[in-house]
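A.B. asks: Sequence:
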Amino acid sequence: MRKWLGGAGGPVAGLPGCSTPPPCAAGRGGPERRGNAGCALPAAVDIQPACLGLYCGRTVLSVNGSVETYGDCGVCPRGQRTDDNKICRECMGSPDRYDWLYLGFMAMLPLVLHWFFIEWYSGKKSSSALLQHVTALFECSVAAIVTLLVSDPVGSLHIRSCKVKKLSDWYTMLYNPSPDYITTVHCTHEAVYPLYTIVFIYYAFCLVLMMLLRPLLVKKIACGLGKSDRFKSIYAALYFFPILTVLQAVGGGLLYYAFPYIILVLSLVTLAVYMSASEVESFKDLLVRKKRLVVLFSHWLLHAYGIISISKLDKLEQDLPLLALVPAPALFYLLTAKYTEPSRILSEGGNGH
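Quick note on full-length UniProt numbering: the sequence shown kicks off at 1 and runs consecutively.
A few of these clues could be false.
Stated by the list, open to error - Derived DSSO-like pairs: lysine-lysine, alpha-carbon spacing no greater than 27 Å straight-line:
{"no.": "1", "residue 1": "Lys284", "residue 2": "Lys338"}
{"no.": "2", "residue 1": "Lys232", "residue 2": "Lys291"}
{"no.": "3", "residue 1": "Lys315", "residue 2": "Lys165"}
{"no.": "4", "residue 1": "Lys290", "residue 2": "Lys338"}
{"no.": "5", "residue 1": "Lys315", "residue 2": "Lys166"}
If you're looking for bench data, these hints aren't it; they were derived computationally from the structure.
Using the sequences and the hints given, assemble the complete structure.
C.D. replies: The structure is reproduced here in structure tokens:
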């Protein structure tokens, strides 16, 4: 696209209607051009069209000193995102505390589901549940470490990332511009690099490690279970991994902003359901079986994780006291359980109270 630079001088003697170009026009824009009437015309200067779209940008083709040469407007390469001037810049930052908490939440999901289904299908008399729990923890831990090692920079547990600015950064495919309402300029790229794709890589490693380790382990130690039951926890994982993958693909951005509240709500609900199903009505009932204490402390860890994720611990003197609220739901349940016992309510109703 060429744009002509207009002159600002006065009229030229003997040539009515012509204007004298600025004295420095020839020096800045190249040799001047003359029309049929002999009027001096300013030189043409190439002006690149504006880069449309919220996430379209120009890649840097070459750098000569302080002068950069840019390409056409389009999609930014992987590991880059546009700056305020619509130039694709490499992501050189590091994930902040909230980003790591989000990645930790996404890493916990398959582990918690593994533990749930292992406990569900192991049976009360099975001695293999504990070893399967440890194996699931080992699989997810190794998968997380390998995922960090293969991420850029390769071979390091540190990763470089782009800063998440708003929800639309997770859904760049919805913001491809159509300048003429016919042709679409595809500028879809990972603006939140690598928070979107690193979760898929982690799930893939988890699945591979599970298929390599768990079947051999279960076949050797799960002697107390029938042949049809011993592999059910593995079959369950083959179902929930695709579900988690679709959840990340579709709702990754929503999960990024909502996961602290999801942790708090789900941990409160599951703790109440477990204590009700286990008929825990007093502190003495908690001490009868060690398993109940393990479940209680696990939920307390989830409570603390949710509180830390919400507060981000930006101000330690204000946020750390909030962790004192972690035991509050369990204490409230134990103190009020005797008043909500169904048999007591029915008996009082029958007596007319």
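A.B. asks: Can the restraint linking Lys284 and Lys338 be considered satisfied, given a maximum Cα separation of 27 Å?
C.D. replies: holds (13 Å)
A.B. asks: Run the distance test for Lys315 versus Lys165: straight-line Cα separation, threshold 27 Å.
C.D. replies: Given that 27 Å is the threshold and the Cα spacing comes to 22 Å, the pair holds.
A.B. asks: Need the status of pair Lys315, Lys166: alpha-carbon distance at most 27 Å?
C.D. replies: Since the Cα atoms of Lys315 and Lys166 sit roughly 23 Å apart, the hinted pair holds (cutoff 27 Å).
A.B. asks: Is the straight-line distance between the alpha-carbon of Lys290 and that of Lys338 27 Å or less?
C.D. replies: With a Cα-Cα distance of about 22 Å, the restraint between Lys290 and Lys338 holds, given a limit of 27 Å.
A.B. asks: Below or equal to 27 Å on CA atoms is what counts here, so check Lys232 against Lys291.
C.D. replies: Holds, because 22 Å separates the two Cα atoms, which is no more than 27 Å.
Checked against the numbered hints listed earlier, the structure breaks none of them; every hint is satisfied.
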